[in-house]
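Position chain F against the provided structure of chain V, taking the given hints into account.
Below, each chain spelled out in residue letters.
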Amino acid sequence: MSESGRRRTGWLVFRLSTLELWRNPLGLVLLVVIPAVFIGMILWTASENSIPLKVFFGDETMLVLLTQRQVGLVFVSAAVSGFLAAYYALILFHKDFGYFRFCVFMGLSPTLFTAARFAAFLGVTALLAAVTTFGLSRVTPLEQPFTVFAGFLLITVIYGAYGGIVGVLSRSFMPALLLIVLLADLDAAWLQNPVYYSAAQESQVIHWLPAFYPCQVVFSAAFTARDNAAAFGGALVWAVMTVTLLVVVVHFRMRGPLSAGGRFDQ
Amino acid sequence: MTDPHSPIPPNAGSPRGGFAAVGSAERTEPLCSAVGVQLSYGKLRVLDGCDLSVFSRQVVGLTGENGSGKSTLVKCLLGFLRPTAGQVRCDPRVGYCPQENYLHRSYAVAEHLELIGSLNRGDEPVDAAWLNHCVATLKLERYLSYPIRKLSGGTYQKVKLMTAIVHRPPLLVLDEPTDGFDWTMYLVFWDLIAELVGRGTGVLMISHLLHDRDRFDRIYDLRDGRLCV
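Top to bottom, those sequences are chains V and F. If you use our numbering, the first sequence closes out at 1457, no skipped numbers anywhere. If you use our numbering, the second sequence closes out at 230, no skipped numbers anywhere.
Accuracy of the hints is not assured; some may be wrong.
Which chain F residues stay away from chain V? Per the calculated CB distances, all over 12 Å, these [stated by the list, open to error]:
#1 Thr64
#2 Glu142
#3 Arg143
#4 Asp215
Below, simulated SDA-like cross-link-like pairs (lysine to any residue); rule was C-alpha separation at most 25 Å, straight line [as the list claims (entries may be wrong)]:
#5 F:Lys151 x V:Gly1289
#6 V:Lys1286 x F:Asn102
#7 V:Lys1286 x F:Leu79
#8 V:Lys1286 x F:Ala109
#9 V:Lys1286 x V:Leu1222
#10 V:Lys1245 x V:Met1232
#11 F:Lys151 x F:Glu112
#12 F:Lys151 x V:Leu1219
#13 V:Lys1286 x F:Lys151
#14 V:Lys1286 x V:Trp1213
#15 F:Lys140 x F:Gly155
#16 V:Lys1245 x V:Ala1421
#17 F:Lys140 x F:Glu177
#18 F:Lys151 x V:Ser1394
#19 V:Lys1286 x V:Ile1225
#20 V:Lys1245 x V:Val1396
#21 F:Lys151 x V:Arg1206
#22 F:Lys151 x V:Leu1221
#23 V:Lys1245 x V:Trp1399
#24 V:Lys1286 x F:Glu101
#25 V:Lys1286 x F:Arg150
#26 V:Lys1286 x V:Asn1215
#27 F:Lys151 x F:Glu115
#28 F:Lys151 x V:Thr1209
#29 F:Lys151 x V:Gly1218
#30 V:Lys1245 x V:Ser1394
#31 V:Lys1286 x F:Ser107
Because the hints were derived from the structure by calculation, they are not lab data. Where is the CB? At the ideal position from N, CA and C, for every residue including glycine.
Isolated chain V, as found in the complex:
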C-alpha cells in the first residue's frame, strides 16, 4: 500500500475509533457522572481547615499548608482522570478486538492500527485533562494551570496505556474492568492521597507506583510556583514505558496466531 493509501486508511481507523467512543453511551454517562459525584462529595463534605502536606521535589520534600477542600479537589480530579482514561482505553483496545485481528488479516497494518487508535485515545485524554483542569480552576485557584494540565495528561496517558494493556490481554470485559478499578483504587485513589502519603511509614513504596510522579506534578503545579523537573521526568518515563508496553502487547496479539479454538470473537 502506498503512503497516501496508508494515510487514508489510518484516518479512517482514527475516525471510526473516535466515533466508537462517542457511540458508547455508558462512557459518556460516566464522563459526566463520575466527576460530578466525586467533586460534589468533596465540596459537600470537606472543610476549610488547613493541613500540612508533603510535596515531592526529587531530592527534597516541601511542606505546603493547604485546606482539606483544596487537597480533596485536586486529588480526586487526578484519581478520576486516571480511572476514566483507563476505562476508555479498555473500550478501544478490548471490545471487538477480534474484528481488528480480522482487519489485520485483510491487510491492516498493526502499526497503523495502534497509531490511529492511540491518536484517538490521546485526543480523548487531552480533552479529559483539559476539562478537568478547567473545572478545577473554577473551584480552586491553580498556581500553574498549564503544568497542572500536563500532569493530568500524563496521568491519563499512563493509566490509559495500562487500561489498553489489560484490555488487550484479557479475554473478557469484567475481569479487565475489575483489574483497572483495583489499580486505580489502590494507587491513584488511595496511596497517592496526599494526606495518606504525607504520613506514610514507607513512602518509598508509593514512589514506585505509576500515579506517583504525575500526581506530584499536579500537586506541585497546583499549589506552588516551583518547577518540579524530578516528578515531571519520572512521569515521562512511566508514560513512555507503559505506552511502549501497550504497543508491544498490541503487536503481539495482532500478529500472533489465534488461541486454541481459533475464534475471532474471543
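Below, chain F without anything else, positioned relative to chain V:
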C-alpha cells in the same frame, strides 16, 4: 476416487452448477493448498494429515460432523492457526467469511464496507459498480446506515458475506455462509457465487447442505482428522 494430490482439479471446467470453463493457465497453480497438515491441541489431534487444494473457477466444499475440525483446517490454510506439521499456501488476496460473528457492533454497515474495502484494494478504489451490484443483490441498501448490533441474523450474515466479496477476490473462503438466509436469499447467494466463479474466483466453502452437492466441483469430507474426497 479422485487423487487429492493431483495438481489438476478433477472437475475444473465442468459445466456443473453452470460455472464457466477453466483456462489451462489457471489450472496449474492452486489458489490455496494444504499438504499433510496436522494440528493438535495438547493430546487431542484435530487434523491428521490433510491434503486439499482450490483452483481458479472451482467451487470446493468441505463437510464433516460438528467439531470435526473444518473451521480449524480453514484457519490453518489462512494462517490464523499454525499447523503442528505440514505445509499450507494461500493467495493473500483472499476474501474470508468466518463462521463466528466478528463484526464490530458499533460500526454501521457502510463503515464496515468502507474499511474492509480500503484494506483489500490498497491504492485502488473499490469498484463502485460491483459494490452497488452486490448491495442491491443482497438487498442491503436500507441497512447501510444501521449499526451492526441492530441487524437481524440473516442480514448480519449478508454483511459478513459482503465484506468477503467487496474486493472481488481471486479466492473466496466461506465458513457456513448461508446460515440464517431465507430460501430466496439462498438462491441469490448461489447466483453471486456463480458470477464470481465466472470471473475466475476459486471458492472453498464449509457447508452441511449435502443436498446441494451438484453445485460443487469437489467435496472434501473431514472425518477423524483426515480428508476424503
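Now for the hints, and whether the structure bears them out:
no., hint, result
1, Thr64, "holds (19 Å)"
2, Glu142, "holds (22 Å)"
3, Arg143, "holds (20 Å)"
4, Asp215, "holds (31 Å)"
5, F:Lys151 x V:Gly1289, "holds (19 Å)"
6, V:Lys1286 x F:Asn102, "holds (13 Å)"
7, V:Lys1286 x F:Leu79, "holds (24 Å)"
8, V:Lys1286 x F:Ala109, "holds (16 Å)"
9, V:Lys1286 x V:Leu1222, "holds (18 Å)"
10, V:Lys1245 x V:Met1232, "holds (24 Å)"
11, F:Lys151 x F:Glu112, "holds (14 Å)"
12, F:Lys151 x V:Leu1219, "holds (20 Å)"
13, V:Lys1286 x F:Lys151, "holds (17 Å)"
14, V:Lys1286 x V:Trp1213, "holds (14 Å)"
15, F:Lys140 x F:Gly155, "holds (11 Å)"
16, V:Lys1245 x V:Ala1421, "holds (15 Å)"
17, F:Lys140 x F:Glu177, "holds (20 Å)"
18, F:Lys151 x V:Ser1394, "violated (52 Å)"
19, V:Lys1286 x V:Ile1225, "holds (22 Å)"
20, V:Lys1245 x V:Val1396, "holds (16 Å)"
21, F:Lys151 x V:Arg1206, "holds (21 Å)"
22, F:Lys151 x V:Leu1221, "holds (24 Å)"
23, V:Lys1245 x V:Trp1399, "holds (17 Å)"
24, V:Lys1286 x F:Glu101, "holds (15 Å)"
25, V:Lys1286 x F:Arg150, "holds (13 Å)"
26, V:Lys1286 x V:Asn1215, "holds (11 Å)"
27, F:Lys151 x F:Glu115, "holds (19 Å)"
28, F:Lys151 x V:Thr1209, "holds (20 Å)"
29, F:Lys151 x V:Gly1218, "holds (20 Å)"
30, V:Lys1245 x V:Ser1394, "holds (11 Å)"
31, V:Lys1286 x F:Ser107, "holds (10 Å)"
In summary, the one numbered hint that this structure violates is 18.
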